[in-house]
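Spelled out, the chains give:
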Amino acid sequence: MPERRTIRTDYLARVEGEGAMTVRLENGRVEHVELRIFEPPRFFEALLRGRSFREAPDLTARICGICPVAYQTSAVNAIENLCGVEVPEPIRLLRRLLYCGEWIESHALHVYMLHAPDFLGYAGAVELARDERAAVERGLALKKTGNAVMALVGGREIHPINVRVGGFYRVPSRRELQPLVEPLERAREAALETVRWTSGFDFPAREVECELVALSERDAYAIERGRIVSDRGLDISPADYDEHFEEEHVERSTALHSRLRERGTYLCGPLARYTLGRDRLSPLAREAAREAGLAETCRDPFRSIVVRSVELVYACDEALRLIDAYEEPDAPAVEVEPVAGTGYGASEAPRGLLYHRYRLDADGTILDVKIVPPTSQNQQAIEDDLRDVVGRNAHLDDERLRSLCEQTIRNYDPCISCATHFLTLTMERR
Amino acid sequence: MKPKLAVWKFASCDGCQLTLLDLEDELLALAGLVELAEFREATSGAVEGPYDLSLVEGSITTAHDAERIQEVRRASKALVTIGACATAGGVQALRNFADVREFVSAVYASPEYISTLATSTPIAAHVRVDFELHGCPIDKRQLLEVVTAFLHGRKPGIPSTSVCFECKRRGNVCVMVAHGTPCLGPVTHAGCGALCPSYNRGCYGCFGPMETPNTVSLTRQLHVLGMDDRDVDRVFRTFNVRAFEEARGADA
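Sequence order for the protein chains is A and B.
Residues 1 to 430 in the working numbering are what the first sequence lists, from first letter to last.
Residues 1 to 252 in the working numbering are what the second sequence lists, from first letter to last.
Bear in mind the hints are in silico, worked out from the structure with no lab data behind them.
Warning: the hint list may mix true and false statements.
[What the hints assert, rightly or not] 20 Å max Cα-Cα, derived EDC-like pairs, lysine to aspartate or glutamate:
id: 1; chain 1: B; residue 1: Lys168; chain 2: B; residue 2: Glu211
id: 2; chain 1: B; residue 1: Lys77; chain 2: B; residue 2: Glu35
id: 3; chain 1: A; residue 1: Lys370; chain 2: A; residue 2: Glu45
id: 4; chain 1: A; residue 1: Lys144; chain 2: B; residue 2: Asp25
id: 5; chain 1: A; residue 1: Lys144; chain 2: A; residue 2: Glu182
id: 6; chain 1: A; residue 1: Lys144; chain 2: A; residue 2: Glu176
id: 7; chain 1: B; residue 1: Lys77; chain 2: B; residue 2: Asp52
id: 8; chain 1: B; residue 1: Lys2; chain 2: A; residue 2: Glu127
id: 9; chain 1: A; residue 1: Lys144; chain 2: A; residue 2: Glu132
id: 10; chain 1: A; residue 1: Lys144; chain 2: A; residue 2: Glu189
id: 11; chain 1: A; residue 1: Lys370; chain 2: B; residue 2: Glu102
id: 12; chain 1: A; residue 1: Lys144; chain 2: B; residue 2: Glu26
Full structure from sequences and hints, please.
Now the structure itself:
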């Protein structure tokens, strides 16, 4: 008689969006793994057609309430790329500051409220706060500081109103940025404490093999721009993305899976960014990583929480540097006239590479759009990891195995709203 | 017994429920006053209904969700919709003015895998709603006021005036009069604190139409400021497309 077991979770918690997973085991052998995204599709790529190119940052922000700045930035990058505009350096750096705010907010949310409860055995941060109130308050304070940066530079935390093609509607004076300094200094201390806290969690020994892909800049840890590089020699401009990557529509999912042509599965996000860019972190962030026991590369999805914590240190450090060096731009924005053709843009969303492509006609009407969010790029890698984790842990009872599977998924901080979908977890053992 | 608070998600960006977590200074105090009985973005713990207050984010776009909202209503003593998706169908309601099959084919290589309704509709089109909180996203101070009001059994103090009132109160110079910048402030529901005009930008209507908006008069002014019919259609057809189109239809 073959041994068959069935375990189901219908609605995975502590991720953004709605999704499900199916794992089938027969005699302890993994037969089938499927991450199902059932978040209702909202058809952004379709509804953007016929709109003005100037509307792209506001409309695409609504894809995700957790990382709207990522959408706005990739959108303006793509359109400015097509229209032959390079924004003045002070405007670019102000965009980077806004983006640092989003990294701080999103990473604090994931580390403290979504991910840490897995390691410490709590249902969520509110439950965790009953025993470790100081830790949760530290996380909330960090999150609040990220939001304060977004509210000041972007106008508000969720769906900022101040980002436009060519720059901003209004830019702050040096004096207006000063009230952010002290909270950011405190946040930087809290981020260092976060690294110490998360690096003390218990980590199962684990490494993923797939290719790692991230944006890269020569002199900075890439956030708001960069070339697309990998640990296996890929080094391309965002304009060449479609030549190297392809998307596949998988049945029963409202997200599209991405693959590197002729090379297959890859992973983007904090592990990829750290592995490819560690030497360009600030000295303080590098030192925090070293003290946390991170090597020069990190391929352990469980330790992504430590890498996110290190990136929190970096984002606070970098925001402070940007405020210190800030020069008010001569004008809030440069004029951008539409050009017929196709533009390409990318940036590093908190969860990884976010690629946008727009085709415009001569009056700036959007004709065609392609948007590839990090979670759909990572979906195949998550499934592969899940298959391997289940195979190695088939001896666990159903409850513990299911919880390990959920944690394996949350290691990737999947944003199913972005990928247009959510995860439901179903496990069958035969 | 602490009152039970539930948060439900339908088609949306997750931003309005994130607003609850963005109440960094009040979140733990709130969690001390209510039982967070259902909030999947924040906790894997879930408690059975009935719920004293349900906050509903997102619009109805699938047959399954049309059934699910009925269950949520049955399990909820009070139901409050939060954000433009839940109150007006959201930006995804642009499909209501297009051919949804063509939308599916434009995004997905295998459209037969996708099941979706032809329209995106607000929650109130399906079940009784006790209060609608507008915004794309909602404002966190307003959210706190609504939750507090419902927990105390009083009416939420949410003004239903236009953005112009908030703009005046903030002491802003009118961007439309002084700079000739097109602005939806005169017809848009207050609540954001007149953010866009404070950033030298015209309001783009993310809180949806106020009660009895005069869209005809504003449209005339938008034309005077150089917008053609297509520009005007675009500016009304975003996150609250369904509500603004209804208002424009009533005014026409």
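We went through each hint and held it up to the structure:
{"no.": "1", "hint": "B:Lys168 x B:Glu211", "result": "19 Å, holds"}
{"no.": "2", "hint": "B:Lys77 x B:Glu35", "result": "15 Å, holds"}
{"no.": "3", "hint": "A:Lys370 x A:Glu45", "result": "6 Å, holds"}
{"no.": "4", "hint": "A:Lys144 x B:Asp25", "result": "8 Å, holds"}
{"no.": "5", "hint": "A:Lys144 x A:Glu182", "result": "13 Å, holds"}
{"no.": "6", "hint": "A:Lys144 x A:Glu176", "result": "18 Å, holds"}
{"no.": "7", "hint": "B:Lys77 x B:Asp52", "result": "5 Å, holds"}
{"no.": "8", "hint": "B:Lys2 x A:Glu127", "result": "15 Å, holds"}
{"no.": "9", "hint": "A:Lys144 x A:Glu132", "result": "19 Å, holds"}
{"no.": "10", "hint": "A:Lys144 x A:Glu189", "result": "14 Å, holds"}
{"no.": "11", "hint": "A:Lys370 x B:Glu102", "result": "16 Å, holds"}
{"no.": "12", "hint": "A:Lys144 x B:Glu26", "result": "11 Å, holds"}
Hint check: no violations occur; every hint is consistent with the structure.
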